[in-house]
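Chains A and B supply the protein sequences, listed in that same order. Under my numbering, think of the first position of the first sequence as 21, with each following residue one higher. Under my numbering, think of the first position of the second sequence as 21, with each following residue one higher.
Just to be clear, a hint being listed does not mean it is correct.
If chains are identical, the list can't say which one is meant, so a pair holds when it fits in one copy or spans any two.
List time: in silico SDA-like cross-link candidates among lysine to any residue, alpha-carbon distance up to 20 Å [unchecked claim]:
no. : residue 1 : residue 2
1   : K255      : R386
2   : K179      : L23
3   : K156      : Q174
4   : K179      : P30
5   : K156      : H411
6   : K255      : S244
7   : K179      : N377
8   : K179      : T225
9   : K179      : D25
10  : K156      : R65
11  : K179      : P24
12  : K156      : P235
13  : K156      : G144
14  : K156      : V416
15  : K179      : P28
16  : K179      : D32
17  : K156      : N220
Please keep in mind that the hints were generated in silico from the structure rather than gathered at the bench. Remember, predicted model here, so these are calculated numbers, not experimental data.
2 protein chains.
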Amino acid sequence: MSLPDLTPTPADARPHVVIVGAGFGGLACAQALGGRAIRVTIVDRRNYHLFVPLLYQVATAALSPADIAEPVRKVLRRHDNIDVVMAEVTGIDVAARRVVVDDVGYIPYDRLVLATGSRYNYFGHDAWAELAPGLKTVADARRIRASILLGFEQAEICKDPEAQAALTTSVIVGAGPTGVEIAGAIAELARWTLRRNFRNVDPATASVVLLEAGPRILPAFPESLAAYAHERLVKAGVTVRTNVVVEGIDPDGVFVAGERIRARTIVWAAGTSASPAAAWLGTEADRLGRIRVERDLSVSGLEGVFAIGDTAATPDRDGAALPALAQVAKQQGRHLGLGLAAQLERGAALPAFHFRNRGNTAVIGRNAAIFDFGSRQLRGWLAWILWALIHVYLLVAFEKRVVVSVQWFWRWLTHQRGARLISSDDESRAE
Amino acid sequence: MSLPDLTPTPADARPHVVIVGAGFGGLACAQALGGRAIRVTIVDRRNYHLFVPLLYQVATAALSPADIAEPVRKVLRRHDNIDVVMAEVTGIDVAARRVVVDDVGYIPYDRLVLATGSRYNYFGHDAWAELAPGLKTVADARRIRASILLGFEQAEICKDPEAQAALTTSVIVGAGPTGVEIAGAIAELARWTLRRNFRNVDPATASVVLLEAGPRILPAFPESLAAYAHERLVKAGVTVRTNVVVEGIDPDGVFVAGERIRARTIVWAAGTSASPAAAWLGTEADRLGRIRVERDLSVSGLEGVFAIGDTAATPDRDGAALPALAQVAKQQGRHLGLGLAAQLERGAALPAFHFRNRGNTAVIGRNAAIFDFGSRQLRGWLAWILWALIHVYLLVAFEKRVVVSVQWFWRWLTHQRGARLISSDDESRAE
Chain A
21 MSLPDLTPTP
31 ADARPHVVIV
41 GAGFGGLACA
51 QALGGRAIRV
61 TIVDRRNYHL
71 FVPLLYQVAT
81 AALSPADIAE
91 PVRKVLRRHD
101 NIDVVMAEVT
111 GIDVAARRVV
121 VDDVGYIPYD
131 RLVLATGSRY
141 NYFGHDAWAE
151 LAPGLKTVAD
161 ARRIRASILL
171 GFEQAEICKD
181 PEAQAALTTS
191 VIVGAGPTGV
201 EIAGAIAELA
211 RWTLRRNFRN
221 VDPATASVVL
231 LEAGPRILPA
241 FPESLAAYAH
251 ERLVKAGVTV
261 RTNVVVEGID
271 PDGVFVAGER
281 IRARTIVWAA
291 GTSASPAAAW
301 LGTEADRLGR
311 IRVERDLSVS
321 GLEGVFAIGD
331 TAATPDRDGA
341 ALPALAQVAK
351 QQGRHLGLGL
361 AAQLERGAAL
371 PAFHFRNRGN
381 TAVIGRNAAI
391 FDFGSRQLRG
401 WLAWILWALI
411 HVYLLVAFEK
421 RVVVSVQWFW
431 RWLTHQRGAR
441 LISSDDESRA
451 E
Chain B
21 MSLPDLTPTP
31 ADARPHVVIV
41 GAGFGGLACA
51 QALGGRAIRV
61 TIVDRRNYHL
71 FVPLLYQVAT
81 AALSPADIAE
91 PVRKVLRRHD
101 NIDVVMAEVT
111 GIDVAARRVV
121 VDDVGYIPYD
131 RLVLATGSRY
141 NYFGHDAWAE
151 LAPGLKTVAD
161 ARRIRASILL
171 GFEQAEICKD
181 PEAQAALTTS
191 VIVGAGPTGV
201 EIAGAIAELA
211 RWTLRRNFRN
221 VDPATASVVL
231 LEAGPRILPA
241 FPESLAAYAH
251 ERLVKAGVTV
261 RTNVVVEGID
271 PDGVFVAGER
281 IRARTIVWAA
291 GTSASPAAAW
301 LGTEADRLGR
311 IRVERDLSVS
321 GLEGVFAIGD
331 TAATPDRDGA
341 ALPALAQVAK
351 QQGRHLGLGL
361 AAQLERGAAL
371 PAFHFRNRGN
381 TAVIGRNAAI
391 FDFGSRQLRG
401 WLAWILWALI
411 HVYLLVAFEK
421 RVVVSVQWFW
431 RWLTHQRGAR
441 LISSDDESRA
451 E
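Pulled out of the complex, with its shape left as it was, chain A reads as follows:
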């Protein structure tokens, strides 16, 4: 049985670029190819581009999922040469130059861009994924939000002090930017937002524990900024423990350094591995599952196939792979889109990609953020304002900028959070 061609626009003489994944890399690549005499199809299993850097705010009841999710086809609607397909890629037939979707059809390509991102890496303990969700999808964020809020609800009608303490305890595994951000946000939620909301439990006594296997938090940042963040987290009420390795996770909590921490909520923020795109291609992946690419982002040995963002291991100037950051994915997407346009329109050679570091940032909480621009560093109140301005600006739609700004300003003023509904099918009795 032959599968049908599912491309929405019928084939014509134009070359066809297929992009898999509408994250930062895939979307930037599509935008760079917009309005040209090239057919482009972007495939994603979701109908929206998710602004993942703010997902921790959904997990901590500050924003709604829709505030940080923009329909891919809305973003690209003005480019008539781009088709958007919501489907799951289930395989790639490199010989026939086809992407197989949902096992029911295919999309043929002349150039293929893999921008399929990464997922959390449980380092062989796959059973932990059920107990300690990461923070990559809207479903993850809703699940974490429901777990935190249900913990307080259950503690309110619990008469056993020990069980009550466990219900209001959150453990975050991994103290990179995501771990730090979510730990700070949970502490603020408990200390401020939930204040006076309960009679039988005091949310200010809720325990937030941040665990890090390495000797200090935020290993990718300079020591002085990490020390500042550490101090601010402790001041916000977070217990920070470094040099501790998680030995086990079960429904009651976490085992660490031979000790059990009883916790209702466990969040996994301890490292990622690439999507299974390397397996689709049958190519060799690196230690983290990433596809090895050349300096021009092409996959060695496979003509017309490229990989960008978290799913690619791109050699840096010094030979090491570039970090898994939104700005790397975005720059690569735009670089490759422009390169492919020049190649397909004029036969130009693909230029090598060079990453320009725009600065690393992490936010600890109210009035506290850090920036590392390499030569310069910034921290505190001004860094926090800058962080907020940049993140609002980076949201795709104008309306969302206004809506998110209003919610942030209101939260800053009142400590209230607008999205405290418990709604997740992963938690019992939540919807």
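Following the hints, complete the assembly by docking chain B onto the known chain A.
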């Protein structure tokens, strides 16, 4: 085995009023009892009060669930005499004056207020509930939103014109205010918001069919207003069919008047029945499952038990039961709260409830709404502005008023809708 008392605040000499349900009726009753020398416990299986009149806007991608959901304990946090318990009532022991929750504990009461609302009535066809969700919960709204949006996504990669038409067809059963509102909103979503978003399907050709068993739409409104609404719906692209009874529903669509309408999305808005509260009490219910109450809202024969809102059959001046409207529930909640306070504080007799009709409204779409104030009627542009102002004002939190206003203004200006993400566990591949 005896169950534990789950009330968060320990018992003392104060009388204890337990309210089941934090909808319009239950919340108004609790607020009227706030700050008094009376213990109050309000129990709901959700942690939020849902502003159901705007739920159709969540189902049609205009608002996020959190925009119309406010945590019950946040609303009531300033009243130290009120406990909020998130739990599901599983029975009532009238003899022992106890509410049993989650089968694991109980809450004792001196006065019990049942405000448990209603659900959709499939008139004996319970299997239809799976195929044609009503619009009562956040999960319902997400499911309908996912179904509509996924229909268009699937149509975009579908090469069979007949199947494509079915994927973009929505059928709404029942032309009361909810049916009219959702039909109008789906038509606007397809005609305007999704414009230019697709290549292989034209959303403007999407079919929206509104079915009504009676001779005209909006039977509770005066004929002239209903005729205006009918005309506006047709102009917006809705096919209105009156005098048709749904004979069957299956995964492919609806059977009506001996004919099959193939439809991806079916919404049930054809009448409600009360919550199972009457069964908990073991009392006789009316035809729609409602608890019969006296004019003072007490349940006959059960001392200290009251019922309000959709779950109660309250005799009107002329003996008929009052309609299931938010304003009835709200007025009853406040009336009963004040009455119970006077009774418990001073031994006053409970006064009879009299409904004051504040006017009925329905919105058809952009610039089109109707108001029926009994003696006066209003329709068109001005009614629409009034509708928007009233509904923004009725939202509980100030922040939500601003956020909803911004989103409405933006939609009015651009036809864009901010919450177009497909996210529902009830739909395959949605999250």
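Hint by hint, where does the structure go against what was stated? Just the numbers, ascending. The structure conflicts with hints 3, 7, 12, 17, although it agrees with all the remaining ones.
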